[in-house]
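The listed protein sequences correspond, in order, to chains A and B. This note's numbering runs 672 ahead of the 1-based position in the first sequence. This note's numbering runs 294 ahead of the 1-based position in the second sequence.
Bear in mind the hints are in silico, worked out from the structure with no lab data behind them. Yeah, the Cβ is synthetic: ideal placement off N, Cα and C, and Gly gets one too. Hints may be right or wrong, so weigh each one.
[As the list claims (entries may be wrong)] Simulated restraints, written as ranges between beta carbons of each label pair:
#: 1; chain 1: A; residue 1: Pro881; chain 2: B; residue 2: Glu595; range: 50 to 58 Å
#: 2; chain 1: A; residue 1: Val879; chain 2: B; residue 2: Pro351; range: 42 to 50 Å
#: 3; chain 1: B; residue 1: Ser506; chain 2: A; residue 2: Asp730; range: 55 to 63 Å
[Stated by the list, open to error] Calculated Cβ distances over 12 Å to all of chain B for the following chain A residues:
#: 4; residue: Thr706
#: 5; residue: Asp716
#: 6; residue: Gly743
#: 7; residue: Glu759
#: 8; residue: Leu827
#: 9; residue: Leu872
#: 10; residue: Glu884
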Amino acid sequence: MTTILAIDASTETCSVAIMLPNGMHEAVCAEPRTHAGRILPMLDALLAEAGVSLHQIDAIAYGAGPGSFTGLRIALSLAQGLAFGLEKPLIPVESLHAMAYAFAQDPKHTQDSVVCLLDARMDEFYLASFQVVDALPQMLQPAQLCGYALFPQQLDITIDASVAGLGGGWAQVDPELRAMLGYCDTQAVPLASAIAQLGLKFFDSGVRPAAEQAEPLYLRNSVSWNKRQRLRQPTP
Amino acid sequence: MRVLGIETSCDETAVAIYDSGEGLLAHRLFSQVAVHAEYGGVVPELASRDHVRKLLPLVKEVMAAAHTTREHIQGIAYTAGPGLIGALLVGACVGRSLAYAWGIPAVGVHHMEGHLLAPLLEPNPPQFPFVALLVSGGHTQLVRVDALGQYQLLGESLDDAAGEAFDKAAKMLDLDYPGGPQVARLAQLGDRQRFVFPRPMTDRPGLDFSFSGLKTFTLNTVAAHAGANGLPDDQTCADIAAAFEEAVVDTLVIKCRRALEFCAMKTLVIAGGVSANQRLREKLQTALQKIGAGVFYARPEFCTDNGAMIAYAGCQRLLAQQHQGLNVEVKPRWPLDSLPPLTHYTRDS
């Protein structure tokens with residue numbers, strides 16, 4: 673039986689989960705800018721609570737993004753140290769996928785599709801959409817950047833009562849559009865418990881990346897870092 | 295005690311293994327200079343991203359080079375500050391969680407203490423007490439060092455660091471980043487007498503520095519001789535580089551000498567990137583000889599950022615039972631004289 677450790681710090685909330693064959697243990701901290709200080713102590717307490725040792729963990733899953741660049745690196749760097757030190761695989765789980773998964777798993781939810789929207793700053797959202805099939809989210813639109821002004825045009829699906837909206841990005845959307853959703857949770861964030869469950873699915877399907885291969889999903893790779901203007905002609 | 299050291303405070307990813315009995319076993323560094331050169335300076339976000347990519351492969355490489363497996367490593371040291379917060383976090387998070395996974399202690403090291411102690415890794419190390427000049431792209435400080443871990447700030451730059459001034463002067467002369475070695479190279483072709491630049495804050499008492507005025511003076515001199523492309527002719531550029539370097543070096547030499555006299559000490563240690571400057575080393579040697587004092591510095595690769603100095607300084611702190619809890623803490627600003635004293639010190643045991 674497999675034990676998965678999961679860490680997420682992709683938003684202002686950070687979380688750690690240990691998923692045992694017989695249950696889930698999770699700790700959540702919603703205090704921004706303290707994640708680096710909180711995660712290992714939270715993990716240590718969870719291990720004690722679950723009565724397992726670090727060495728019983730089979731794989732480590734981390735919230736790969738998109739999300740806060742610094743947060744993604746905190747979760748990944750901590751997870752890398754653990755995975756490398758314990759010689760276990762390090763499995764990336766996309767943060768928006770984890771949000772949709774937690775939603776789809778809840779039997780109370782009846783919507784057919786999910787649109788996850790997190791604020792990416794610089795007048796953009798991180799956006800992804802999923803179709804819910806048998807309580808599992810299937811990707812419709814992969815995680816991508818979407819300018820405030822291009823929402824909802826950039827969305828492939830029509831917003832109506834069959835759609836659930838998840839994530840803080842929805843708080844910035846026109847309230848009339850938001851009111852057309854069948855369900856909306858602007859407080860929803862990616863959580864380690866969902867990352868652990870998705871991580872286990874990937875692990876069971878044979879995904880076993882080494883710790884040093886991991887990289888966050890930043891999406892924004894060409895932010896306007898200004899290149900330098902030179903005065904002399906470059907010498908060939 | 296065998297310690298793995300990790301340095302990611304700025305634009306170099308560096309790892310080393312130091313053993314208190316056997317000395318330095320291995321050290322490796324990935325320089326990001328090429329990543330940042332086209333931006334004319336360090337882009338913090340790009341630096342952090344590159345640390346994530348490079349750190350674990352480097353740890354593996356150093357362990358292999360040191361013929362060390364995880365069972366032999368008894369502690370992990372990582373730079374906890376001062377530096378770029380995003381860059382520091384990568385090394386601190388990997389270092390702290392790796393120590394947790396291995397069940398060994400970890401300690402966050404002060405980057406400047408690392409620099410300050412780097413000359414102790416050399417075959418002929420300085421003896422305590424001494425005065426240290428920490429001079430890099432981020433710092434210009436004079437520190438009184440009575441013993442390991444006992445530091446007293448004597449003076450520091452009130453504005454730009456000396457290395458930062460070198461980088462900015464290089465930019466004005468359209469030289470590549472990092473600017474220090476480029477300005478120094480160009481200065482060798484220049485006439486050191488043609489322009490006379492001010493020696494800031496040397497005509498009044500005290501041990502503080504200021505380099506921002508020198509920067510303005512350089513800018514004005516460049517502008518006064520600029521041709522159509524905004525730059526003076528090549529010889530004038532070289533002359534300006536020479537005048538600039540002379541001014542910075544003279545200022546540092548005057549203050550070092552003053553600090554030694556103030557502390558009544560005969561040993562000066564210079565550390566940090568600018569301590570690799572040849573002109574500074576020559577002029578210090580000459581000036582200190584006159585007062586019967588000596589100058590010590592690290593080998594060139596340990597003047598700039600490196601993992602060896604972090605492994606070494608961390609080893610001393612771990613031997614003194616100073617450990618970091620599971621909470622990862624980094625400090626972008628961190629006064630050197632706020633460090634706890636070190637009661638334990640051995641070089642060989």
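Results for each hint:
1. A:Pro881 <-> B:Glu595: 50 to 58 Å: 33 Å, violated
2. A:Val879 <-> B:Pro351: 42 to 50 Å: 21 Å, violated
3. B:Ser506 <-> A:Asp730: 55 to 63 Å: 56 Å, holds
4. Thr706: Nearest chain B Cβ is 9 Å from A:Thr706, so the label is violated.
5. Asp716: 6 Å, violated
6. Gly743: 10 Å, violated
7. Glu759: 9 Å, violated
8. Leu827: The assertion about A:Leu827 holds, with a minimum of 28 Å to chain B.
9. Leu872: 20 Å, holds
10. Glu884: 4 Å, violated
Of the numbered hints stated above, those contradicted by the structure are hints 1, 2, 4, 5, 6, 7, 10, listed in ascending order.
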